[in-house]
Amino acid sequence: MMDSGRAADERFMALALMLGRRGLGRTWPNPAVGAVVVRDDGAGPVVVGRGWTQPGGRPHAETQALERAGAAARGATLYVTLEPCSHRGGTPPCVDAIVDAGIARVVSALVDPNPQVAGAGHWRLAEQGVTVEVGVGAEAARRAHAGHLRRMRDGRPHMVLKLAVSADGKAGLSGRRPAAITGEPVRARVHQMRAMSDAVLTGIGTALADDPLLTCRLPGMADRSPVRVGLDGKLRLPPDGRLVASASTTPLWVVTWEAAPQECAQALEARGVQVLRIASSGGGLDLITALRLLAERGITRTMIEAGPILCAAFLRSDLVDETVLFRSPNPVGAAGIDALEGLTLQALTQSPRLKSIGREPIGNDTVEFFERP
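Numbering (our numbering), first residue to last: 167 to 539.
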């Protein structure tokens with residue numbers, strides 16, 4: 167008889183969540199789901215199938231796990247980190263595959279807020295005689311699927327702000343000159359964060375000052391680079407910069423004003439850049455309009471790697487859902503510029519909108535994590 171104890175359910179859901187995280191940054195516009203098939207023939211529960219959402223969003227995790235389980239799925243339990251789909255999209259409904267495989271019980275972490283699902287997957291399974299239990303691992307699943315949930319509920323991506331600051335709260339040198347704030351372990355972590363994001367967003371100020379690539383350059387992970395998004399109202403992005411030069415191999419989207427010069431847009435598009443136009447607001451790009459445009463194009467989770475002006479603008483607009491704050495033990499000194507233009511660092515660390523959920527050492531530096539309560 168299948169072990170249905172809460173401890174066992176939590177253990178197998180934790181495994182499904184770990185598997186699902188393999189797909190972060192690679193499955194958009196679909197969520198990165200994990201699934202595990204477990205059966206017990208009397209000697210204790212055994213994992214007979216594992217799956218996670220594949221690049222591009224399909225095949226889905228459930229069908230991957232069922233395929234690996236084969237005939238062993240009949241009478242087994244399926245653990246899945248998000249409600250199985252009940253509609254036909256790019257693939258047939260996962261609920262049909264679950265029923266056809268003979269799964270007896272489904273343990274699902276969350277109801278999918280996608281209006282095409284929204285409880286219908288659980289309902290259809292129950293109608294077919296499958297036992298359905300919802301809510302195991304829900305808190306961890308909400309974090310894992312934050313991008314999908316935010317896009318479905320708020321029509322924008324989940325925004326993760328990355329900041330690196332010195333001991334005296336500085337992010338660079340005067341004149342917008344870059345400075346090495348943190349050490350190599352932090353740089354490796356940032357590349358890992360990029361690999362787990364659908365997109366990384368920066369502003370024209372950072373693009374001009376730093377000439378960044380914004381790719382994932384960890385060994386063997388070049389294909390995990392996110393879409394690069396630049397906010398550039400006047401299309402000042404230089405065609406000979408590293409962002410544009412790499413647009414043919416790593417996607418680059420530039421969000422600009424409707425009235426931005428057409429000749430500049432054509433020069434960028436000739437190099438493989440996608441130029442996306444939106445209306446201006448108060449002399450600048452409207453951030454929420456830009457984010458909704460990204461969501462419409464399938465982006466669910468975006469990392470902000472920008473300068474003090476744009477980072478402060480996102481905070482002021484209440485568009486930061488998580489912050490990863492890297493702190494160096496070394497000061498920059500009076501020649502440095504503040505990490506947030508016009509704001510103290512306490513505007514982030516003591517914000518009622520963001521709660522510290524932990525910190526840890528990383529090399530000689532530290533990292534602290536914040537998220538919406």
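Note that these hints are calculated values from the structure, not bench results. Here the structure is a predicted model, which means the values were calculated and not measured. Even for Gly, the Cβ is constructed at its ideal location relative to N, Cα and C. Keep in mind that a hint or two might mislead.
As the list claims (entries may be wrong) - Cross-link-like lysine to aspartate or glutamate pairs, in silico, EDC-like; alpha carbons within 16 Å at most:
1. Lys400 with Glu429
2. Lys400 with Glu435
3. Lys400 with Asp452
4. Lys400 with Glu350
5. Lys521 with Asp504
Said to hold, decoys possible - The following label-pair restraints were derived from C-beta to C-beta distances:
6. Asp207 with Gly285: 29 to 37 Å
7. Ile523 with Asn496: 35 to 43 Å
8. Arg172 with Arg224: 27 to 35 Å
9. Arg443 with Thr515: 53 to 61 Å
10. Ala425 with Gly301: 46 to 54 Å
Against the structure, the hints come out as follows:
| no. | hint | verdict |
| --- | --- | --- |
| 1 | Lys400 with Glu429 | holds (11 Å) |
| 2 | Lys400 with Glu435 | holds (15 Å) |
| 3 | Lys400 with Asp452 | holds (14 Å) |
| 4 | Lys400 with Glu350 | violated (34 Å) |
| 5 | Lys521 with Asp504 | violated (22 Å) |
| 6 | Asp207 with Gly285: 29 to 37 Å | holds (32 Å) |
| 7 | Ile523 with Asn496: 35 to 43 Å | violated (25 Å) |
| 8 | Arg172 with Arg224: 27 to 35 Å | holds (32 Å) |
| 9 | Arg443 with Thr515: 53 to 61 Å | violated (36 Å) |
| 10 | Ala425 with Gly301: 46 to 54 Å | holds (50 Å) |
Checked against the numbered hints given earlier, this structure breaks hints 4, 5, 7 and 9; the rest are met.
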